[in-house]
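Which chain is which? The protein sequence lines are S and Y, in order. Numbering follows the numbering used here, in which position 82 of the first sequence is assigned residue number 82; successive positions increment by one, without gaps. Numbering follows the numbering used here, in which position 113 of the second sequence is assigned residue number 113; successive positions increment by one, without gaps.
Warning: the hint list may mix true and false statements.
Claimed, not checked - If you only want the chain Y side, here are some residues facing chain S, beta carbon under 8 Å, derived:
id, residue
1, Thr288
2, Gln415
3, Arg418
4, Val419
5, Pro423
6, Leu437
7, Gly442
8, Ala450
9, Ala451
10, Gly452
11, Ala456
12, Ala458
13, Ala462
14, Gly464
Said to hold, decoys possible - What follows is a set of in silico ranges between Cβ atoms, one per label pair, in the way DEER data are often shown:
id, chain 1, residue 1, chain 2, residue 2, range
15, Y, Leu256, S, Pro93, 54 to 62 Å
16, Y, Leu256, S, Ile60, 51 to 59 Å
17, Y, Leu352, S, Leu43, 20 to 28 Å
18, S, Tyr25, Y, Leu424, 38 to 46 Å
19, Y, Ala356, S, Leu34, 24 to 32 Å
20, S, Ala28, Y, Leu352, 27 to 35 Å
21, Y, Gly56, S, Gly92, 44 to 52 Å
Don't read these hints as lab results, they were simulated from the structure. Small disclaimer: the values here were computed from a predicted structure and weren't measured. All C-beta atoms in this analysis are idealised placements derived from N, C-alpha and C, irrespective of residue type, glycine included.
Residues per chain are reported as follows:
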Amino acid sequence: MRAALWVTVALLAALALAALALADYAPALAVAPLLAWALLAALVVGVLPPLAYRRWRFGIGDEEIDLQHGRLWVERVLIPMARVQHVDTETGPLSRRLGLASVRVHTAAGGFEIPALDRARAVELRIRIARLARVGDEL
Amino acid sequence: MSSEASSLEHLHPLGILVLALERGRAWLGAALPLLVAAGVSLGMLAAALLLALAVGALLALGVLEWRALTFGVQHGSLVLRRGLLGRETVSVPLSRIQSVDVESTVAARVLGVRGVTVRTAAGSGTVRLAAISGPAEARLRQALGHRAAASTAGEEVVRALPASRLPLLAVTSPRIGAGAVALYALFNRLDELTPGDLSGRLVPVLAPRSAIATVAEVVLALVLVAAASVVGATLAWAGFRIVRDGPRLRLRRGLLTVRETVVPVERVRAVEMRQGLVREALRLCSLTVRTAGSGRGDPQSATLFPLLSVHESARLVRETVPALDLEGVPLRCPPRRARGRAVRRLALPAALPAGALALLLAPFGIVALLIVPAAGLVGLARWRDAGVGLSGGRLRWRRRVLAPSTTLAQARAVQWRRVRQSPLQRRRGLATLEVGLAVPPGAARVPDLAAGDAAALARALAPGRLKVA
Numbered sequence: 001m002r003a004a005l006w007v008t009v010a011l012l013a014a015l016a017l018a019a020l021a022l023a024d025y026a027p028a029l030a031v032a033p034l035l036a037w038a039l040l041a042a043l044v045v046g047v048l049p050p051l052a053y054r055r056w057r058f059g060i061g062d063e064e065i066d067l068q069h070g071r072l073w074v075e076r077v078l079i080p081m082a083r084v085q086h087v088d089t090e091t092g093p094l095s096r097r098l099g100l101a102s103v104r105v106h107t108a109a110g111g112f113e114i115p116a117l118d119r120a121r122a123v124e125l126r127i128r129i130a131r132l133a134r135v136g137d138e139l
Numbered sequence: 001m002s003s004e005a006s007s008l009e010h011l012h013p014l015g016i017l018v019l020a021l022e023r024g025r026a027w028l029g030a031a032l033p034l035l036v037a038a039g040v041s042l043g044m045l046a047a048a049l050l051l052a053l054a055v056g057a058l059l060a061l062g063v064l065e066w067r068a069l070t071f072g073v074q075h076g077s078l079v080l081r082r083g084l085l086g087r088e089t090v091s092v093p094l095s096r097i098q099s100v101d102v103e104s105t106v107a108a109r110v111l112g113v114r115g116v117t118v119r120t121a122a123g124s125g126t127v128r129l130a131a132i133s134g135p136a137e138a139r140l141r142q143a144l145g146h147r148a149a150a151s152t153a154g155e156e157v158v159r160a161l162p163a164s165r166l167p168l169l170a171v172t173s174p175r176i177g178a179g180a181v182a183l184y185a186l187f188n189r190l191d192e193l194t195p196g197d198l199s200g201r202l203v204p205v206l207a208p209r210s211a212i213a214t215v216a217e218v219v220l221a222l223v224l225v226a227a228a229s230v231v232g233a234t235l236a237w238a239g240f241r242i243v244r245d246g247p248r249l250r251l252r253r254g255l256l257t258v259r260e261t262v263v264p265v266e267r268v269r270a271v272e273m274r275q276g277l278v279r280e281a282l283r284l285c286s287l288t289v290r291t292a293g294s295g296r297g298d299p300q301s302a303t304l305f306p307l308l309s310v311h312e313s314a315r316l317v318r319e320t321v322p323a324l325d326l327e328g329v330p331l332r333c334p335p336r337r338a339r340g341r342a343v344r345r346l347a348l349p350a351a352l353p354a355g356a357l358a359l360l361l362a363p364f365g366i367v368a369l370l371i372v373p374a375a376g377l378v379g380l381a382r383w384r385d386a387g388v389g390l391s392g393g394r395l396r397w398r399r400r401v402l403a404p405s406t407t408l409a410q411a412r413a414v415q416w417r418r419v420r421q422s423p424l425q426r427r428r429g430l431a432t433l434e435v436g437l438a439v440p441p442g443a444a445r446v447p448d449l450a451a452g453d454a455a456a457l458a459r460a461l462a463p464g465r466l467k468v469a
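Let the hints inform the model, and build the full structure from the sequences given.
What follows is the structure in structure tokens.
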């Protein structure tokens, strides 16, 4: 996911540079990379997030946390409650303004995020997961 | 666990020097340019004065740190107090200790001190005692329930590395190829690195003049690297032995600096069998044990045996870590329909740079195109060797980067399971299975399993469904 983000940023930067480079020598041709830039930006900002949001599913069971997301690249993660080390909520300046927060579940082999939840719901989830996570697990 | 030390004690007074040296090493990167700049702009005398001041400051800090640092065993925990400005107390329950490393250099042995590092699953819980005396180490060992370091009588040596194997260990080391390349590169940059008259005399001797001379130089570089590797391997691995100490294994090695790692067998969560390309051809491997944790710098690993034949490895693991028998776990491997994807996954990315090289360095650059089939062959070998299996509470994961390796982990080290499917994988009924492990490397990944196999394994790895042998 992070790799896809970097590729997108690099692509946007390359298209902007191409437009700048062409502007001096062939202004008519510079429109093409600008158009591609605008289309890509619209796709990344306007189209993909709502699609990703619609495909995000999570379930908190007594035994496991089940996360599933993605339409083309489908990913499903199962985290046993017995393996949860700790759980926290995170909110940045923008998401705080929008009343959103993320829940992050940590295991001994890395963590997973449930992003963009309503803040009260995120707090409720954090408390619920913390209660269900067992402390008796020995590494 | 036997008697508890009632009070905390200081490190050996030589610890002041060790603490100052450790801090000096950490600051060297920042201090060296400053000293050089002072030497250039203010003169050598000023630089020497600055250096003397820095050494004095380091020693003074060493004294302060030594005074602030105390350790001991209290109420079933190893307690360490440290910190100059902010005081910190680290308390490690003895039952949570994953391994204990003891290191003694020649100088330390002469002076009667040694360094001890106690590790837990959390990297932040590591307790390092830079220099403690022999009696203090004996007291600590007694409190931890270990056999005294000096007593070798009656100890049960499970297996020792014969000295005659050291040259083979050195020349089959995966690092030797990189060393030869570095040395050959050094030969070719000799004129830039040595003073004019020296390089003037050496370059006619060393610079390649013909194809035969180049081959001779490569052979010479390999011989020199092999000789250096034999010396290095002898220093590091001479006297390697596995000693059983009750419920623990003591892994001892080293010629000048003697290192000993104590690993409680019940804390071992995984065993890894590794091969290099040369070792694969000779059917040799090394074994590493891993305990749980996620600390930095891979502190949860210890070499169980540095070189043995593949067919002996299963027996040695059965003798030392019986819960992690390497045999009896059948693998589910990527199906035949995944073969083309495995080849393309490496060959396609190699095609672009190979094509560019072929065009830029034409006509000889055409040789660069050989990279593409070579990459494809590596992809094919990866497909053939990939696999994952679960049986009797053990997870077996086989993979290849250039050479193959196999990890046998306790299924209870599994933290999470992830199944991924791209559109192209979906079309062919394939999926990638990832299993998060509480031991390095952190996750086992098997690309392009049959989608049904990946889902079934992900389900079978749920803690409630695991059947432990």
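Here is how each hint holds up against the structure:
1. The beta carbon of threonine 288 (chain Y) comes no nearer than 18 Å to any beta carbon in chain S, farther than 8 Å, and the hint placing it at the interface is violated.
2. Residue-level restraint check for glutamine 415 (chain Y) holds (minimum Cβ-Cβ distance to chain S is 4 Å; threshold 8 Å).
3. Residue-level restraint check for arginine 418 (chain Y) holds (minimum Cβ-Cβ distance to chain S is 5 Å; threshold 8 Å).
4. At about 5 Å, the closest approach between the beta carbon of valine 419 (chain Y) and any beta carbon in chain S falls short of 8 Å, and the interface hint on this residue holds.
5. This hint holds: proline 423 (chain Y) has a C-beta 5 Å from the nearest C-beta of chain S, less than the 8 Å allowed.
6. Restraint check, leucine 437 (chain Y) versus chain S: the minimum CB separation of about 6 Å is within 8 Å; hint holds.
7. Taken as an interface hint, glycine 442 (chain Y) checks out: its beta carbon lies about 5 Å from the nearest beta carbon of chain S, inside 8 Å.
8. For alanine 450 (chain Y), the interface hint is violated, since its Cβ never comes within 8 Å of a Cβ in chain S; the closest pair sits about 16 Å apart.
9. Nearest Cβ of chain S to the Cβ of alanine 451 (chain Y): about 11 Å, over the 8 Å cut. The hint is violated.
10. Among the interface hints, the one on glycine 452 (chain Y) is violated; its C-beta lies about 14 Å from the nearest C-beta in chain S, farther than the 8 Å criterion.
11. The closest approach between the C-beta of alanine 456 (chain Y) and any C-beta of chain S is roughly 13 Å, which is over the 8 Å cut-off, so the hint fails.
12. Hint status for alanine 458 (chain Y): holds, given a least beta-carbon distance of 6 Å to chain S, under 8 Å.
13. Because the smallest distance between the Cβ of alanine 462 (chain Y) and any Cβ of chain S comes to about 6 Å, under 8 Å, the interface hint for this residue holds.
14. Using the Cβ-Cβ criterion of 8 Å, the hint placing glycine 464 (chain Y) at the interface with chain S is satisfied: the shortest such distance is roughly 6 Å.
15. For leucine 256 (chain Y) and proline 93 (chain S), the Cβ-Cβ distance of about 56 Å falls inside the hinted range of 54 to 62 Å, so the restraint holds.
16. The beta-carbon spacing between leucine 256 (chain Y) and isoleucine 60 (chain S), approximately 56 Å, falls within the hinted interval of 51 to 59 Å.
17. Between leucine 352 (chain Y) and leucine 43 (chain S) the CB atoms are about 25 Å apart, so this pair conforms to the stated range of 20 to 28 Å.
18. Evaluation of the 38 to 46 Å hint for tyrosine 25 (chain S) and leucine 424 (chain Y) yields a pass: the beta carbon distance comes to about 39 Å.
19. The beta-carbon spacing between alanine 356 (chain Y) and leucine 34 (chain S), approximately 28 Å, falls within the hinted interval of 24 to 32 Å.
20. The beta-carbon spacing between alanine 28 (chain S) and leucine 352 (chain Y), approximately 30 Å, falls within the hinted interval of 27 to 35 Å.
21. Between glycine 56 (chain Y) and glycine 92 (chain S), the C-beta spacing of about 47 Å keeps the proposed range 44 to 52 Å intact.
Consistency note: the structure conflicts with the earlier hints numbered 1, 8, 9, 10 and 11.
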